[in-house]
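Enquirer: Residues per chain are reported as follows:
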Amino acid sequence: MNTTLQHVPTNKRPTSFVPPFLAAILSAIVPGLGQMLASAVRRGIILLSSFITIVGLMAWRIKLAARRDTELFAIIKKAYHLQPMLVVLSVMVLILYIWIIYDAYVIAKDSERTPVFLFFMILAVFFMLGWQIGDIDPIAFVTKADDAAPALSRVLWPWEQAVYYPEEHILGTFNIQVPCTDDLPQAPEMVEGEPYLSSTPACGDLTTPDGVEGTMLSVRGENFAPDVAVQILWEDPLGNEFRQRQEGEYVMVIPDANGIFEKDIVMPYRLLPPSAEADTYIWQLKGKQLASTGDAEFSMELKLAVEKIVETIFIGMMATFFGIILALPLSFFAARNLMSASPVTVIIYYLVRGVLNVVRSIEPLIWAIIAVIVVGLGPFAGILALTVHSVAALAKLYSESIESIDPGPIEAIQATGANWAQTVMYAVVPQIIPPFVSFTIYRWDINIRMSTIIGFVGGGGIGFLLAQWIRLLDYDSAGIAVWFIAITVAILDYTSAEIRERFI
Amino acid sequence: MLEIRHLTKVYDDGTVALKDVSFTVEDGEFLIVIGLSGSGKSTLLRCINRLVDPTEGDIIWNGVNVARLEGEVLRESRREMGMIFQHFNLVKRSSVFKNVIAGRLGFTPTWRSLLGRFSDADREKANTALQRLGIADQANKRADELSGGQQQRVGIARALMQDPKIILADEPVASLDPVLAHTILEYLEMLNQEDNMTIVCSLHYLDLVQRYSTRVIGLRDGEIVYEGSREDIRAMSDAEFKEIYGEEAQRITGSISGDLEEAKPGGQA
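Residue numbers (numbering that gives the first Met the number 0), protein chains in the order written: chain H, 0 to 503; chain G, 0 to 268.
It should be emphasised that the hints constitute simulated quantities derived from the structure, not laboratory data. You may find that some hints are simply not true.
Simulated DEER-style distance windows between Cβ atoms [to be verified]: (1) G:Thr127 / H:Asn336: 46 to 56 Å; (2) H:Ile431 / G:Glu69: 43 to 53 Å; (3) G:Thr109 / H:Ile490: 48 to 58 Å; (4) H:Tyr493 / G:Thr127: 12 to 22 Å; (5) H:Val358 / G:Gln130: 24 to 34 Å; (6) H:Phe125 / G:Ser36: 46 to 56 Å; (7) H:Ile431 / G:Asp52: 22 to 32 Å; (8) G:Gly70 / H:Tyr493: 25 to 35 Å.
Here the structure is a predicted model, which is why all the values come from computation and not from measurement. Think of the CB as a built atom: it goes at the ideal place given N, C-alpha and C, for glycine as much as any other residue.
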């Protein structure tokens, strides 16, 4: 090898303006100043600006941690106490400060050395700052997981909420007279198929305040739904309902297979206001049952979720559809190869491109908020928002595929004597159809994903339901919505990939 | 008969591609245009069928000044001139058959062609053309599935569909292996001799020039620097060839044992 041809990398800087010791002192006063004067100007500027940024952020975090204190020492003390991470950070900043001083010395002394580890230190400080600002708390994963588990498990398996059993209250009543007299009210007739409640005796005394037990009643129920718990309740003469207690427990009986039950209860203690006093009272005894009356049905939540997922898919579809219609003509104005003919078209090109870029850089969620203001809540707002974003994105992708067509076939078709329409049909269209189809399906995919979320800001679709259910802490229903979204997106993912593969 | 008179082409950016070029091509000739890349060969060929508009000069094609034509009449003149390209210029995603039948576009009413409804006669013609070039079995494949040599044959078949009186071939073998170059040029020779088509072809290799041409013109910087008959070119030595052509000129042998390594760079120049 010829040595004169070998490339010798040279890191040599011009010699320092200041002696190493002075450079170190200068960097101690203003971090980075020593480096700047030691001919490593850019390094000095980077160090200075990083250091100022770090110290500024530190000051902000410390003040934030102790916002009530005013005195500097008290602020720092409290901040360190509340946020131990700030202590670590302070130590690191101190190390960084000393390191910068040392670095200034090294840089000024030896103009060939450019240590890089200092920058790793700066990175480390920023990392720790990020940790502190981001309030990162990995322990929360472990300690708070238990609290989240019930809600999460409901989201993961919400299908109990998907079905609903129609239920109905079955009620049997019987009047008890207090106290017993000779002429008791007539017991009602038992009607076939209707729940029937009876008691022997049909009258008695309440438990007294002094603890004298009331009359023991033998309650018998017939025609109740079998194997479903029956509550025993009272309705006092004032019309207040309360449940019968026995030995501290609410009384519940379960009828046998024929719907018959028997239970002995002691008449309860109940204080009535003096105004309600009379010689005899009618107390109503009730047997109440909540029994299912039919087969399982799909729940309201499930039906709503189905409705909304359909709405969601159509929001995405309509947005894609409008997006295509509007993006097609726009894409021609945004294609450089078509617009480079004259200065006017070039200006149009830049104008269209610029607007498209701005529109595209604004998230669909923001567009949805704007659309909701304009047209109100609902799917139309979602369609508008997604359309706006789709137009910008599609026009860009379309125009890029127009820009990349091969001019060869155009030339060849023209050479056969074909006219303009034939040339477009035979040389341009076959080239742009596959990328157009591919981009469109890709966009459709994105739009349906986005439409599941757009409801969070009122743009219709299942996101609207999901947001509502989450806020109502109805995690079962929210789970159904989440499952629907996941299934839809998965199917869509697969189909769109499949279709695109066919076309490319 | 094709007559080029004082043809000049200056591009918008000021590049002078052709300077006062004049020559005549008799019917049935196999005219080969030689010259370096950028010498104006492509521009010259594209001026003849007006893919490029000449700045000055006349192109008299069987008594019609193609340089002055516009619109429908221009397209009718184009129909009579088939063109073959270095990079084949096929629509890669379309089938071979669709590429070939596109050669009939100039003869088909717009609405019919937009619906893809070519006449049965045209379809028959396409099949015949494919058969003639030995690629009938590839008709339903996508054009980009074919090898380079096959793609160029599709290009020739497309040109044949026009029933051209002249074929303009812009470096038809420059993207192909030297062995395939002979195959393609033999097809052109067949069209020249059997169908009596005039061929105007640009080429790089002296061997091929000597083997196929009936006449040669040399271009350099847009000007004709050499004009010679079949005899002149056959007698030409490598040194002379290089003088008009430039140092890049390569000689290839037609056999398979030919030095492909040596031939390729010249071909791509």
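Enquirer: Determine for every hint whether it applies to the structure shown.
Expert: For each hint, the structure was consulted:
Taking 46 to 56 Å as the suggested C-beta distance range, the pair threonine 127 of chain G and asparagine 336 of chain H does not conform, at roughly 37 Å. The supplied range of 43 to 53 Å is broken by isoleucine 431 of chain H and glutamate 69 of chain G, whose beta-carbon atoms lie about 28 Å from each other. One distance hint, 48 to 58 Å for the beta-carbon pair threonine 109 of chain G and isoleucine 490 of chain H, is violated here, with the actual separation near 42 Å. The supplied range of 12 to 22 Å is broken by tyrosine 493 of chain H and threonine 127 of chain G, whose beta-carbon atoms lie about 45 Å from each other.
Checked against the hint of 24 to 34 Å, the C-beta distance between valine 358 of chain H and glutamine 130 of chain G comes to roughly 54 Å, which is inconsistent with it. Between phenylalanine 125 of chain H and serine 36 of chain G, the C-beta spacing of about 54 Å keeps the proposed range 46 to 56 Å intact. A C-beta distance of roughly 26 Å is found between isoleucine 431 of chain H and aspartate 52 of chain G, which places it inside the suggested range of 22 to 32 Å. About 51 Å separates the C-beta atoms of glycine 70 of chain G and tyrosine 493 of chain H, a value inconsistent with the hinted range of 25 to 35 Å.
Comparing the model with each earlier hint shows violations of hints 1, 2, 3, 4, 5, 8; every other hint is respected.
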